[in-house]
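*Asks:* Sequence:
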Amino acid sequence: MTGDHLVVISTTDSAEEAESLSKLIVAARLAACVQISSPIRSIYRWEGAVQDGQEWQLWIKTTGDRLAELTEFINQNHSYDTPEIVALPILGGNPAYLQWMTDETRSAVES
Numbered sequence: 005m006t007g008d009h010l011v012v013i014s015t016t017d018s019a020e021e022a023e024s025l026s027k028l029i030v031a032a033r034l035a036a037c038v039q040i041s042s043p044i045r046s047i048y049r050w051e052g053a054v055q056d057g058q059e060w061q062l063w064i065k066t067t068g069d070r071l072a073e074l075t076e077f078i079n080q081n082h083s084y085d086t087p088e089i090v091a092l093p094i095l096g097g098n099p100a101y102l103q104w105m106t107d108e109t110r111s112a113v114e115s
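With my numbering applied, the sequence shown corresponds to residues 5 to 115, in that order.
Since the hints were derived computationally from the structure, they do not count as laboratory data. Positions of the beta carbon are idealized from the N, C-alpha and C atoms, including for glycine.
Computed spacing ranges between beta-carbons, pair by pair:
{"id": "1", "residue 1": "103", "residue 2": "45", "range": "33 to 39 Å"}
{"id": "2", "residue 1": "107", "residue 2": "80", "range": "22 to 28 Å"}
{"id": "3", "residue 1": "79", "residue 2": "100", "range": "31 to 37 Å"}
From just these sequences and the hints, can you work out the full model?
*Replies:* Encoded structure:
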């Protein structure tokens, strides 16, 4: 079961958008869970200038077969022109939790 599970990291510029986007992702069964980290400080280059701002980080728990659809969904529903979407493999973990992730990211058609 290892290797098929991912943590996808994204950020938003407000707590409200983080909550809204997270609920949409889970409702669409593109993730089993999204954890929101309260404000983080991001320093990055955008449009030729160094930026310094507050963001809310999303830790999205999903499966590898949902990544393409999740990426498209975030791109379509995010306020940023180029939202952060970084997928990290889960190399191991509680087998029961990983199975729950798999079960919760199945589409209603598959269930």
